[in-house]
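Engineer: Okay, here's what each chain looks like letter by letter:
2 protein chains.
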Amino acid sequence: MSALKNFFSPNSVAVIGASTSPDKLGYAVVRNLVDSGFAKRASVYPINPKADEIIGLKAYPTVMAIPDEVDLAVVVIPYPQVPAAIRECGQKGITAAIIISAGFREAGMEGVEREQELLAVARSYGIRLIGPNCLGVIDTVSLLNASFAAGSPPTGPMAFMSQSGALGTAILDWAQAGQLGLSKFVSLGNKADVNEIDLLEAWGADPSTNVILIYCEELPKGPKFIETARRISKIKPIVAIKSGTTDAGSRAVSSHTGSLAGSEQAYQAAFRQAGVLRAESMEDLFDMARAFAYQPMLKGERIAIITNAGGPGILATDALERSGLSLARLKPETKLKLQQFLPSAASAANPVDVLGDARADRYRFALETVAADPNVDGILVLLTPQAMTEIEAVAHDTVAVAKQVGKPVFGCFMGASKVLAGIEILTKGGVPNYSFPERAALMFSAMARYRQILLRPEPEFASYEVDKARVAKLIERVITEGRNTIGDLESREVLEAYGLPMPRSALARTPDEAVHLASEYGYPVVLKIASPDILHKTDVGGVKVGLRSASDVRDAYELMVMRAQRFVPDARIWGCLVQEMAPAGGLEVLVGMNRDPQFGPLVTFGLGGIYVETLKDVTFRLAPFSKREAADMLGEIRAHALLDGVRGKAGVDKAAILDTLGRIGQLVQDFPQIVELDINPVLVYERGAIAIDMRLVLQSKRKSSVNSHH
Amino acid sequence: MSALKNFFSPNSVAVIGASTSPDKLGYAVVRNLVDSGFAKRASVYPINPKADEIIGLKAYPTVMAIPDEVDLAVVVIPYPQVPAAIRECGQKGITAAIIISAGFREAGMEGVEREQELLAVARSYGIRLIGPNCLGVIDTVSLLNASFAAGSPPTGPMAFMSQSGALGTAILDWAQAGQLGLSKFVSLGNKADVNEIDLLEAWGADPSTNVILIYCEELPKGPKFIETARRISKIKPIVAIKSGTTDAGSRAVSSHTGSLAGSEQAYQAAFRQAGVLRAESMEDLFDMARAFAYQPMLKGERIAIITNAGGPGILATDALERSGLSLARLKPETKLKLQQFLPSAASAANPVDVLGDARADRYRFALETVAADPNVDGILVLLTPQAMTEIEAVAHDTVAVAKQVGKPVFGCFMGASKVLAGIEILTKGGVPNYSFPERAALMFSAMARYRQILLRPEPEFASYEVDKARVAKLIERVITEGRNTIGDLESREVLEAYGLPMPRSALARTPDEAVHLASEYGYPVVLKIASPDILHKTDVGGVKVGLRSASDVRDAYELMVMRAQRFVPDARIWGCLVQEMAPAGGLEVLVGMNRDPQFGPLVTFGLGGIYVETLKDVTFRLAPFSKREAADMLGEIRAHALLDGVRGKAGVDKAAILDTLGRIGQLVQDFPQIVELDINPVLVYERGAIAIDMRLVLQSKRKSSVNSHH
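Residue numbers (numbering that gives the first Met the number 0), protein chains in the order written: chain G, 0 to 709; chain Y, 0 to 709.
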């Protein structure tokens, strides 16, 4: 918290651009600082050369004129004056500034330059910035409301950071209506300096926050974000919604933020590896926020449902099962006890149906009995407003049981006006109510996902002995030659240096040499044209498999060279590569990498052939990934059963696949110059795996780094 | 409507079991008939032998004592007295009765008998029944409220039928809070007589209903439901939520309703074929209800978004794209006009961002300009409550534009208290507001799905010339022999009779005959043991492929018969089947059928081998299915690209697959005795398809019809 302390609990705040005119943002900020009660417990200095006082606070012409120390500046002046104001803050010794003013990166190329200038000034004085182009900062514990939002939200355990200020206004309105309680709210704006990573660090250590919520459109420092979130998510849940996940959405983000979008696959991998719970929608974000903020963590995956209506109970059951949870099997003594008290038509099995005419006593008995069952990890209380239903009493009892049981309890009181008072009792008592059974069920599923995150062991990263220098030299040579792709022979060198088994292979410069190599390897062999200028070898007849004799090899060599020269007259032809045939019966898998502009090396795994081409059955992780994450990849592809063997076939050597993934992960981290790489196929056998073909693309010197990623 | 007219707009109603005691259901029903205003415009006769009047209405001791004709009886007496009461209704000439009383099918075996008795009495007098065990019936047009619900919902264009009365109470509460407007509400209870099919017919013709909503747990008359819904869904949208779709949920339904659950796959196929829009959750149902009830149908799939905040605009864009819709490309003149009026920082491309400081004039201009663009089929108006936002004025303008434009318009005014007044204006003006951008986007997707239903041509059902009598005879013979599975030879007969190509094949009774047949077909051939007592031929070494010579055939024949006799000593051995080898290179597909207890023959299609076994990549239709539906199946499997040819392979003969599907569809309709069938594989070539192996199971005589389905 220390680095950002002055943003949240400063002892004194200067509002640069404070205004006496109620329709100005510079007035709204001072108003909020006064109305929130902050001005009573700390010093607020409106800065305005033309005013003596603003909303009862003495105004100063400049920050330099303030007699005391200032911890935080809030800047609400037109953009041309901002850099000078920040310089003055520096001179005054201010170390934190919230820049509300717009007109920076979001306003096109000139704005980008302005933002860089602003940042340079701030850095030169050691000032941290939030914004520019933001709504401001709210801390409901210190009472700071340094924003132009309409009022302050109620306090609560959720901390929210939003890249969109506008969305922030909606969130604050929901909060003010009593639906969310916030500890902190930060509108991040253009994120010139302070970003999600800084706030994760700060809020991870904040005792008044127990769930961290993020709305983001891009995360430029991807690897650092993952590293930080991976740590903080072990302390408290982080729930994020990322917009711009589709092509159209990502175009909208780019035009909105001017930033280069990372790929959806990279975000998916990043959130998963970082332990960030991803919300599917705004609704999902809010629902999860309430679940995590107010209820204890789920300690198992067995859920009990208590209901006064069969139908909604079944809907909840369906939703639980669909999301991978299970209905708790109640202990025999629990069932017996329920049977003794409940009417005979009631269901004593889960879902426990207390029947439509249940009054509060029946609900309470069922609740207490079920809550005491050690087979139950979480409880959903469903209620429909029927003639006899004592809605408020049931709500009170639910709250009472929830407070004692140490297991998460959610309400689903269905309806509107009739159940309103009951829902308010639940909400005040810290039992989130969801309007529909399916949504309540989904929240148990979110909690189960977080439980898995908490259970994850510390990641272990494999490290392999490799010949890094050899690859470095090779890459240097290729780049010196002005190429950005590497050929078959060079690929072999890379694979060899990183310890990846390949079929034996060597370059033959003449047909005689080819025949000699072939007899050394044993027939049949493969022949491939060797040229740095021919990438798509098959297109020019440059690959011939299954050559069974010396004369086959000789004929193929001569034909291949002749054809290559005809198709690509200027090609440098080194000769032909003679390659051992890989044994039959291997399973084709693919290991690939694309470098994501925001997150770095995104490694792909899948089965080869039609599985990748037609079924797109692949999965992704960002390097570095742990051993466990690599192992998870193998289980995630839809056709994973093929790895274990089907239709009488034996399973393949998974350890060999993991080894390949690990070594490739290391390679693409060692060489950021590699922007794309595919080994397709790797043939995997009952024992061992062989890399057959690799394609590798280096960052082109001629293009800008932005274009080469696209 | 005519058949059920008396349930909805009777001129006179008798309440059998009317009570003077306010805590009795028999009081609540009379109360509702009075409070709804119904008793003022029609006659209501409380039946209670001990009372003179109830809530100001003259009471009668029996229905027979009523001096006038009675159109509808509402029965709220203990179950033992219900049959006698219905008998009396019959004597009085009443033709419609709502049985609120419980204690029938839902109460176990005795209840089932009671329900059958009740139904028999009703049938003998030609009385139609709703219930028993239901909440009652409400018609907001005729003002009839023949239910014990707490009050009447506001009127509107949605008609709701619910198998769960309890869920009904929640729905009515939502409606009363102004969120839904209902034309009719029916709690179907046990559905002893009137069911979803009757109400679909009635409401399809009801001018005050424009969307039909269904909550169901089971649909016993599946084929009839499909036939009816297929017709009515062309008139108005039908939205259904089915609970009990997972294993646990379906167990809960069975214990709740005592009925045999149909499979999830069958429901999925049924709803799709019937043109019923399936709601994923209660929330989805309500959201769709509001969309269809109040907005015109979508005529294309190009949606425009107008927003005062970038973030939510991107979330909506993502959701639109994910659900298969597209952002409208605005015409150049539209963009130009927007650019001229909007500030330069605004986005004149879709999503149209009018910026955070937009007042109503900017929204209105953008709305009108976008609405006039012929490239726009639907409009989403997003609003976040920012400092300058004129929420109510924007709401009024949105309603005004929506009323004129003839395209669906939805609101997404985000927040709570600040936007409340705006949302009320939208709701009153018939523009549904969704709290979150993703949900609003989903509603366009639901509308696009309904558009596809409206665009579906009349289904064409193929009819093939087949030799039905031959199969009938064969099945009779098999059943007579006490078997319920049929062997290879018999399968061939069935396939032949239904015109499905197979490899040539015939029975050889001796090795010599086998050699003779083989030389006739040409080598290689396949040999299979022919015995009605050996189903799993491979297990006893009873299949040998690729026999290349006369001596191969002779050896295989003798070995096979010897082994079969050793493994299954009592087996009747007819000899060996000699079969032509199918040409190499065919694509393996699977055509199968399982008879669903509720919907009948559920036909499966998929690719064979690991695609079905490992990837479960299959799709389903209920027979009868149209030619178009069969064609849709081919496109639905994930690996459908394999049918078109991948990796240099030619595509396969889709017409031949469709022919197989059609003929099998006809077979399983012609013979309800067939409960399971699999042709796996069918080999499909560039031209033609050959059925290689069929497994067929008949309904066993020894088991009850219920068990044999499981």
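It is worth saying that the hints were derived from the structure and are not from the lab. Be careful, since some hints might not be right.
If several chains are the same, the list does not tell them apart, and a pair holds so long as it fits within one copy or across any two.
[What the hints assert, rightly or not] Calculated lysine to aspartate or glutamate pairs in the EDC-like style (CA-CA distance at most 20 Å, straight line): (1) 648 / 538; (2) 536 / 68; (3) 233 / 192; (4) 615 / 320; (5) 91 / 112; (6) 648 / 587; (7) 536 / 464; (8) 23 / 389; (9) 235 / 532; (10) 336 / 70; (11) 223 / 579; (12) 235 / 197; (13) 536 / 579; (14) 23 / 51.
Engineer: Work down the list of hints and note, for each, if the structure agrees.
Structural biologist: Verification of the hints:
no.	hint	result
1	648 / 538	between (34 Å within a copy, 17 Å between copies)
2	536 / 68	neither (71 Å within a copy, 92 Å between copies)
3	233 / 192	neither (25 Å within a copy, 58 Å between copies)
4	615 / 320	between (27 Å within a copy, 19 Å between copies)
5	91 / 112	neither (25 Å within a copy, 90 Å between copies)
6	648 / 587	both (14 Å within a copy, 18 Å between copies)
7	536 / 464	neither (32 Å within a copy, 53 Å between copies)
8	23 / 389	between (50 Å within a copy, 16 Å between copies)
9	235 / 532	neither (54 Å within a copy, 63 Å between copies)
10	336 / 70	neither (62 Å within a copy, 48 Å between copies)
11	223 / 579	neither (44 Å within a copy, 65 Å between copies)
12	235 / 197	within (16 Å within a copy, 54 Å between copies)
13	536 / 579	within (18 Å within a copy, 41 Å between copies)
14	23 / 51	within (17 Å within a copy, 72 Å between copies)
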